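Start from the sequences and build out the full structure, keeping to the hints where you can.
4 protein chains.
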Amino acid sequence: MPRPDPRTARKAPDGTLPVPLTGVVPPLCTPLTPEGGVDSAALRALVRRLLNAGVHALFVLGSSGEAAYLSDAQRRTVVRVVTEDVDGRVPVLAGAIDMTTARVLDHARAAAEAGVDALVVTAPFYTRTHPAEIARHFRRVREGVPLPVFAYDIPVAVHTKLAAATVLELAEDGTLAGLKDSSGDEASLRRLLAELRGRGLLDRFSVLTGSELTVDGALLAGVHGVVPGLGNVDPEGYLRLYEHARAGRWTEAAAEQDRLAALFSITDAGPEETMGRNSSAIGAFKAALHLLGVIDCPATAAPQTPLDAAAVQRVRALLERAGLK
Amino acid sequence: MPRPDPRTARKAPDGTLPVPLTGVVPPLCTPLTPEGGVDSAALRALVRRLLNAGVHALFVLGSSGEAAYLSDAQRRTVVRVVTEDVDGRVPVLAGAIDMTTARVLDHARAAAEAGVDALVVTAPFYTRTHPAEIARHFRRVREGVPLPVFAYDIPVAVHTKLAAATVLELAEDGTLAGLKDSSGDEASLRRLLAELRGRGLLDRFSVLTGSELTVDGALLAGVHGVVPGLGNVDPEGYLRLYEHARAGRWTEAAAEQDRLAALFSITDAGPEETMGRNSSAIGAFKAALHLLGVIDCPATAAPQTPLDAAAVQRVRALLERAGLK
Amino acid sequence: MPRPDPRTARKAPDGTLPVPLTGVVPPLCTPLTPEGGVDSAALRALVRRLLNAGVHALFVLGSSGEAAYLSDAQRRTVVRVVTEDVDGRVPVLAGAIDMTTARVLDHARAAAEAGVDALVVTAPFYTRTHPAEIARHFRRVREGVPLPVFAYDIPVAVHTKLAAATVLELAEDGTLAGLKDSSGDEASLRRLLAELRGRGLLDRFSVLTGSELTVDGALLAGVHGVVPGLGNVDPEGYLRLYEHARAGRWTEAAAEQDRLAALFSITDAGPEETMGRNSSAIGAFKAALHLLGVIDCPATAAPQTPLDAAAVQRVRALLERAGLK
Amino acid sequence: MPRPDPRTARKAPDGTLPVPLTGVVPPLCTPLTPEGGVDSAALRALVRRLLNAGVHALFVLGSSGEAAYLSDAQRRTVVRVVTEDVDGRVPVLAGAIDMTTARVLDHARAAAEAGVDALVVTAPFYTRTHPAEIARHFRRVREGVPLPVFAYDIPVAVHTKLAAATVLELAEDGTLAGLKDSSGDEASLRRLLAELRGRGLLDRFSVLTGSELTVDGALLAGVHGVVPGLGNVDPEGYLRLYEHARAGRWTEAAAEQDRLAALFSITDAGPEETMGRNSSAIGAFKAALHLLGVIDCPATAAPQTPLDAAAVQRVRALLERAGLK
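Chains as they are written, first to last, in the UniProt record's numbering: chain L, 1 to 325; chain X, 1 to 325; chain B, 1 to 325; chain Y, 1 to 325.
The set of hints was computed from the structure by calculation and includes no laboratory data. A couple of the hints might just be wrong.
Negatives, chain B to chain Y, calculated, CB over 12 Å [as the list claims (entries may be wrong)]:
#	residue
1	Arg49
2	Arg75
3	Arg103
4	Ala309
Just a few of them, taken from the derived set where beta-carbon distance is under 7 Å, the chain X residues facing chain B [what the hints assert, rightly or not]:
#	residue
5	Glu186
6	Ser211
7	Asp258
For clarity, every value in this text was computed on a predicted model and none was experimentally measured. For each residue, glycine too, the CB sits at the ideal point set by N, CA and C.
Printed below as a string of structure tokens:
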């Protein structure tokens, strides 16, 4: 049985999203000013750097983009700046992250008006829900906005895992265009891929892993692409990994993944005594972008604890060890 | 050692919130039209009924109010309708429920402009956070809005429990005016009350339990009041329970609590096979309000599964058994 | 509706367990020698102290007894020493704590041969189980040993909570003689009590709370007794609390509970940086018994970290503040 | 950077365990008689079948072996029968599964006396523990028995995940000979492998994955071997997968893994309405072994619900689809 033959995901001339979407799709960080506003110039610089590296698409307003921390006005700024800047060169996916259907639809409509190419939506959170309600949620969102919808499976945030049966049902009936799997549950992902393949859905349903440490194995298992937060810092690494995998150079892909796994230790730079793991990870991505000269200010949004000087030093050392500085 | 002597919580002439807030503070349901909009007329009818019963304050946009399901526009409608209708007769608390600081502040400012008397705010959710970040979150919110802030401890939604040390620190320094404890962790509540009492804070820091099944024990332990979702359906019951407790008639308080515990079984009316526990509980409150003639339409917000006819029948039977119909 | 009229639980002349079992039933600590063996002399001293205080029954091999840490030989020693020493003066309940049915039965038979009066058994743990399997587990255990069986609901250890439906089914059919509820879920307990009362089962099914901080509220809600780990240290306090409650002196009961809640802070004496919360709590109980002169050596079983000197000092200060030293 | 060059794990002439242990190490099911006793004849038949297939070692008394369900006497029987039958042809690892140190040591000594080659030990469970206590636990076990110890990381059973820092510390100081990783957390596994490689420990510390659905990716990431429950049913499949990986035929390895992932669906054969997921999985392995003629009776241990006829039919169909029947 041959592995899926991933087509390039660069945007087609008619402006539609590639089906299936493939490749390296970094979830953009959102650079902030020292006062906490969106730093549009830095955001454009980050977009430029990623496009120059050759990424296949961009994802704004995900976890790496601090979507949970940005006000509605800030979210709209991010979407506007990025869609304008990208100007159709690659597809832009936007997170529409909120607790339930009506709220998600408000974000989704704003993103659609700004011209994004697809939406990324989680199951309801904060409330206790049910698989039937989760399916209805995705259907309502899809019906309410003329854009492809990717399900975002991120139990660490949502506190429920999307059931395979739900994903399959919504893939079959066309509600979902794909899945961004940030569950970290590679065994379930393998079973889901087997089911999708068995039903002939892998040609039109795109499976992207958000687990940046198991990309070689995930591509070997058949995913179409990767959405790596660490790809903000080292897009070339993920592109090399992806190309090795496409070419069947699995040992080289694994070696590249090992290098990126070592670099990923920057996400633990912040001390557990004073800051959350989210703040440490996003703070490290931004500190790295700052050290690499991409953004002017490494600030994260309130109420996150900023990295201290020792943590920044750890980030610098790991960047150097990974050959990035 | 005497029990705290709860003062009446009815609003003082100068419009300030009683300190500490005491009594029965129902978390208002949000009646919806069949099309899903806020039913302002039904909302006013519900307010009228609760004020006629003699409740001490009202809480809008909590879990019973489906805050997680309402759009920003709907939330603003709820706050406006209720503050106008109440017109200062009792304090109105409003939930400002969102993932992190900037987003909470946007809700908080809107509620403050509409004239609510206090805000109810959870720890950050969706993101992985840290006690120091949670404390900073509450401080930023308090600094950003000229209103008392109650912490809302609801681990079933937020997926972290507020640490006692955080609550004590923010009670001492005046950041928090009180706590709405929906953690269901009565042992931790007891220890927190002991600490607050030992530091002399119970005179100015209000502890309200959101656990509607243990109100007698919580009042015996020293809480100031209760925020019972079931109080939408049977406010008189909770008022009787509260008055029994104030008067030291603990056996009568327990008997009333037992009656309410039996009535609380309406929250399980919806079948687990087809709907979430949130949908079942809110659906049951609304079905009961509909059966009691308070609201016109028992609809819950998308994507919740509605109660089926058999479930409504179960609600009706339990209302009758509780002597309400 | 009157509260249950608790009968005294002191053992009937014919040696059978009182039905329902009521009162204060301390879960005995297991004193160890410096080398880690069971210190039988100290165990007898502890039994003597508790009987002198007037406790209504004893529970060996529970969490406070470090059942999870004792070898089978040590468990047998504990049961033998205590049953011999008690010699029928009060009922002795024994934990039969293990992963599944066959293993529990081995412990249960050993305890039965040593002459205990009842067994305390959890749902299966370590494996992923199902309510139907949990019910079958209790039935098999009950069929295999000629002793009353109490269900031990302790989700912090077992990682599932006993479903009310399971408890009710096994109470109705006589499989279970009672419940030791260490779930900390007072709301569920209230609903369970309401169901048991409605079915007329509270006369023969004994509900004991293991939550030592909410005993006043639990007795007000109708439980028959309490199994307080802290009762090793201050049995007189729990006996006063229980007698106040029986006599309807609820304010006095609450005041006693407040005093005990303050004393309970000894369980946090050990630093979180170096030891688990289990080790801190059991270590504190044993340190207190040592400081009070009841046992010779405060050692806990491997691999628990022992309390350091500063922690022991905190225990001493809290004992003094509670009037015990 | 080359992938680890896995040496064959077949047992060295001097009877010592290969260092590192590599290859396919099935966790033996424990066949039972209809009355619930260990079926020694069937156990020998299963051993014979696996040795004939060419597996590199055997693991008894793991989760697939229903260790949690077997009495001490039954555990001893299993170890005795298998060590006798294997007679040194391949290494035999034995689980010593119990709550804490003293109890684990009793099992460990019994297994050592029976002649096993290594022990597999989890962190303490049932009690709330601490990383320092977990490390002390492994050290005490290692000191108490003259056998290599593998840490068994199985959070679904133990409810804590082994910290990477703990594993690294115990690998460095020689306490642990290896890790059986059944955490399903492939990202953490990747980071651990990177750390072990960086410290030069992969030559003497054996990492085995227990996640039977991601073996291709895990081998690509550098693990030494696999402990697949499904390997009871299809050992040849796992051996082919392993050999493909050793030879760098990654696409073929992935195809074999896909076939095994489809077969793994037998573990869902049992209906969720009536049985736990453990019972369904073990029941399916045993039903498959029965259908394949390896064992006489597919019974699982009490209190597990047996598979019903429809479930067995599903197992049969999946075996046929996988080409096994």
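We went through each hint and held it up to the structure:
1. Distance check on Arg49/B: its Cβ is at least 25 Å (rounded) from any Cβ of chain Y, clearing the 12 Å threshold; non-interface status holds.
2. Its closest Cβ contact with chain Y, about 10 Å, brings Arg75/B to no more than 12 Å, contrary to its assignment away from the interface.
3. Residue placement check: Arg103/B does not keep its beta carbon more than 12 Å from all beta carbons of chain Y (closest about 6 Å).
4. The non-interface label for Ala309/B is consistent with chain Y: the shortest C-beta to C-beta separation is roughly 18 Å, beyond 12 Å.
5. At about 4 Å, the closest approach between the beta carbon of Glu186/X and any beta carbon in chain B falls short of 7 Å, and the interface hint on this residue holds.
6. For Ser211/X, the interface hint holds, the least distance from its beta-carbon to any beta-carbon of chain B being 5 Å, beneath 7 Å.
7. The beta carbon of Asp258/X comes within 6 Å of a beta carbon in chain B, closer than 7 Å, and the hint placing it at the interface holds.
In this structure, the earlier hints numbered 2 and 3 are contradicted, and the remaining ones agree with it.
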